[in-house]
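A.B. asks: Now for the letters of each chain:
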Amino acid sequence: SSLPRDPAAAASPAPAPRQPAVGSPLGLSKIPGYEQTSRLSGTQVLPRWFSTGTSNGSSAQQEGATRKVMAFSPLEASIAKPRKGPLTSESWKVKQTELLTRSTYYMIPTLLLVSKNSISTSLLVASVFHQVYMFYKEILLDYVHHDITRKWVFIYFKILLIIMAKETVVYFDLF
Amino acid sequence: EKALLEEDTALKRFKSYKNSVKQVSKVGNILTGVVLFACAYEIVALANS
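One line per chain: the protein sequences are A and B, in this order. First residue of the first sequence? That's -13 in my numbering, and the numbers climb one at a time after it. First residue of the second sequence? That's 88 in my numbering, and the numbers climb one at a time after it.
Among the hints, a few may not be true.
[Stated by the list, open to error] Derived coverage of chain A by chain B (criterion: at least 3 residues anywhere in the stretch with Cβ under 8 Å from a Cβ of chain B; other residues may be distant): (1) 133 to 139; (2) 152 to 160.
[Stated by the list, open to error] Partial list, derived from the structure: chain B residues whose beta carbon lies under 8 Å from chain A: (3) N106; (4) V122; (5) C126.
[Said to hold, decoys possible] Cut-off 25 Å, straight-line C-alpha distance, at most; resulting in silico cross-link-like pairs (DSS-like, lysine-lysine): (6) A/K144 x B/K113; (7) A/K137 x B/K99; (8) A/K144 x A/K81; (9) B/K109 x B/K99; (10) A/K81 x B/K113; (11) A/K137 x B/K105; (12) A/K79 x A/K144; (13) A/K137 x A/K81; (14) B/K102 x A/K144; (15) B/K89 x A/K79; (16) A/K79 x A/K137; (17) B/K89 x B/K99; (18) B/K105 x A/K123; (19) A/K123 x A/K144.
No lab work stands behind these hints, which were simulated from the structure alone. Being a predicted model, the structure only gives us computed values, none of them experimental. Positions of the beta carbon are idealized from the N, C-alpha and C atoms, including for glycine.
The shape of chain B in the complex, shown without the other chains (with noise of 0.2 Å):
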């Protein structure tokens, strides 16, 4: 039965990426909440000056 468990070397191709988007996904959420902060910053610098 744990022959059967283990890692097979030739499914190792159908693994999948569900965990990995999910950290991307969370990446770019990051990423374009900090890029639209750094756009709203300059924006209200600009209207400001």
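Next comes chain A alone, as it looks inside the complex (with noise of 0.2 Å):
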């Protein structure tokens, strides 16, 4: 009921031709099967099946038999709304490595060719430790596999990185 209803659209009789789901900010439109009708509101979304068989009834009966559905396919449901999670969260922390780890890969040869002061090489080097960390982190989640070995190795080698990194910028008087 947040679009404004098409009243010509709505009062003929034959069924309403597709209109492109303007309203939609999940572009649903796009999946095949999931498309909006012009008379039902902008959030309610059909498949094909179900809104061309009953566009020939009436109007009231359509909608309230249509407001029971909820989210009868899994997609539907997970597009609607993201659920707040532990999960959720640690796909966060996930992603946030991953764009570090991938940022830091771009900044070393960047760097490399730019890099004039001391605090952008000082950068670099920490860059370059952060992907020996992550390189390393891969083959030893391949080879531990107890979960307790496997934190303590990665606690120590981080330190060990942290400080090694801290001895190349203090050897080199980067700062």
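The two chains are supplied separately, each in an independent frame; assemble them into the complex guided by the hints.
C.D. replies: Dropping the structure here:
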């Protein structure tokens, strides 16, 4: 009921011509089978067979019937509202780490070419050591299978790399 | 029913490590923070001296 209805389309007995879903924020019109008819509200999305089957009937009964249908496909339910949970924050952390890894990967050659002062050079050192850490992390994830051993290996390796990066920065007088 | 809920010695090998993993990761975060702080402090002290 958020969208203004077209009175001509609602009054005509013929099935309303399909319009591209203009107000859909999720881009559901791109998914085949999920289209918006003009007489339904903007948030209500129906599959094609459902909307064509009931478009000849009366409007009030049809809407009453369709209100009861909540989310009958898992795809629609997953699109409709993102769920909050510990796994969501975990995946956000994973995304953050991936972004950091990718950005440091591209920062290394860029800073090698561009870096002029000491701060950007120590940033280069830090990104190199971050790449080393992620590289060995992948290998250790493959070969160390006990959870606690894995954690301790990561902790000690991270501390070692931090100290090595610090020594590199101090040795070359980057600060 | 209570006999079923009691700890089984045969299943003791399969206990979950979730809590200890959390503890270890907390310790690791603290250790990493301490080391990072010490390194930053040393660099700043060297830069100022």
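A.B. asks: Now tell me if each hint is right for this structure.
C.D. replies: Structure-based check of all given hints:
Three residues within the 8 Å Cβ limit are the bar, and the segment 133 to 139 of chain A against chain B gives 4, so the coverage statement holds. Counting residues of the segment 152 to 160 of chain A whose CB lies closer than 8 Å to any CB of chain B gives 3, which reaches the minimum of 3, so the coverage claim holds. The interface hint given for B/N106 is violated, since its Cβ lies 11 Å from the closest Cβ of chain A, which is over the 8 Å cut-off. Restraint check, B/V122 versus chain A: the minimum CB separation of about 5 Å is within 8 Å; hint holds.
With a least beta-carbon distance of about 4 Å to chain A, the hint placing B/C126 at the interface is held under the 8 Å criterion. The hinted pair formed by A/K144 and B/K113 meets the criterion: a straight-line CA distance of about 14 Å does not exceed 25 Å. This hinted pair checks out: A/K137 and B/K99 have alpha carbons roughly 22 Å apart, not beyond 25 Å. Distance restraint check for A/K144 and A/K81: the Cα-Cα separation of roughly 20 Å lies within the 25 Å cut-off, and the hinted pair is therefore satisfied.
Under the criterion of a C-alpha separation no larger than 25 Å, the hint pairing B/K109 with B/K99 is consistent with the structure, at around 20 Å. For a cut-off of 25 Å, the pair hint linking A/K81 to B/K113 stands: about 21 Å separates their Cα positions. Between A/K137 and B/K105 the CA atoms are separated by roughly 12 Å; this keeps the pair inside 25 Å, and the hint holds. Between A/K79 and A/K144 the alpha-carbon distance is near 18 Å, which keeps this suggested pair within the 25 Å criterion.
Our distance criterion of 25 Å between C-alpha atoms is met by A/K137 and A/K81, whose separation comes to about 20 Å. At roughly 28 Å between alpha-carbon atoms, B/K102 and A/K144 are farther apart than 25 Å, so this suggested pair is violated. Our distance criterion of 25 Å between C-alpha atoms is broken by B/K89 and A/K79, whose separation comes to about 41 Å. Proposed proximity of A/K79 and A/K137 is supported: the alpha carbons are some 17 Å apart, at most 25 Å.
Between B/K89 and B/K99, the direct Cα distance comes to roughly 17 Å. Compliance with the 25 Å bound is thereby established for this hinted pair. For the given pair, B/K105 sits about 20 Å from A/K123 by alpha-carbon distance, which is consistent with the 25 Å threshold. For the given pair, A/K123 sits about 10 Å from A/K144 by alpha-carbon distance, which is consistent with the 25 Å threshold.
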